[in-house]
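K.L.:
Here the numbering used here runs 22 ahead of the position in the sequence shown, where the first position is 1.
Read the hints as simulated data drawn from the structure, not as lab findings.
We put the beta carbon where it would ideally sit given N, CA and C, even for glycine.
All the pointers check out, no bait thrown in.
Within a straight-line C-alpha distance of at most 20 angstroms, the following computed EDC-like cross-link-like pairs (lysine to aspartate or glutamate) qualify: (1) 225 <-> 70; (2) 25 <-> 248; (3) 189 <-> 137.
Cβ pair distances, simulated, as ranges: (4) 245 <-> 109: 37 to 47 angstroms; (5) 130 <-> 75: 27 to 37 angstroms; (6) 191 <-> 98: 43 to 53 angstroms; (7) 100 <-> 192: 44 to 54 angstroms; (8) 100 <-> 130: 39 to 49 angstroms; (9) 56 <-> 178: 42 to 52 angstroms; (10) 56 <-> 92: 16 to 26 angstroms.
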Amino acid sequence: MIKHVLLDLDDTIFDFHMAEAVAVRATLQAFGVCVTDAIVARYSAINDAQWKRLELGELTREQVKRLRFELLFDELGLPCDAERVRTYYEDRLAVGHYFLPGAEEMLSTLSKRYDLYLVSNGTTAVQNGRLASAGIAPLFKKIFLSEVIGAVKPQKEFFDYCFSKIKDFSRDDAIIFGDSLTSDIQGGINAGIKTCWFNPAAKPCRADITPDYEVHTLDAFTALVDRL
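Turn these sequences into a full structure, and let the hints guide you.
P.N.:
And the structure:
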């Protein structure tokens with residue numbers, strides 16, 4: 023029987039790509055870039071690649087924050103004050119939240135039946151701002167952000183810290199739910215808890231990372247947890 027439900031935030035509860043597109047478009051325009059959909063998409067790809075490098079321990083968080091803009095502006099042939107651009111972007115991102123379809127209903131239902139915990143690699147100020155604007159922070163027993171902890175998903179150290187702060191925690195009673203195979207699912211595997219992959223686009227799974235469960239809608243996850 024499940025008691026503890028660990029939830030990712032971006033692209034599991036919030037539509038991060040929508041928020042990212044709005045924030046990066048406003049940021050690039052503010053710094054004199056003639057923004058196109060292709061440039062926004064290119065930023066997103068560069069950004070994703072740098073966060074993957076963070077998960078692998080190849081970059082620090084501060085390097086990720088600067089490098090994504092340095093690489094983009096370099097491709098565009100434009101000068102870049104990466105620190106100013108980063109700050110402006112994070113300020114824009116922190117004020118926007120867009121729920122995925124069914125996310126509010128999922129949280130409302132699960133919070134009445136289970137202890138919910140947020141586990142995110144996102145920047146602390148950004149995540150706290152979005153959680154406040156969405157008004158969902160009270161639904162979680164605890165909020166675990168990797169920038170505060172000093173370790174990132176999928177590192178075992180991240181989860182060891184989380185588990186140490188949960189009263190009467192048992193791995194047998196816990197499940198993690200998220201959209202990232204490399205962060206959420208691999209993290210759950212490393213931590214020795216059940217894993218469920220949120221895969222709305224029905225992407226092929228990686229041969230080297232196998233979730234215990236896979237769902238394509240948020241209400242399917244609620245139904246799954248109720249069965250376990």
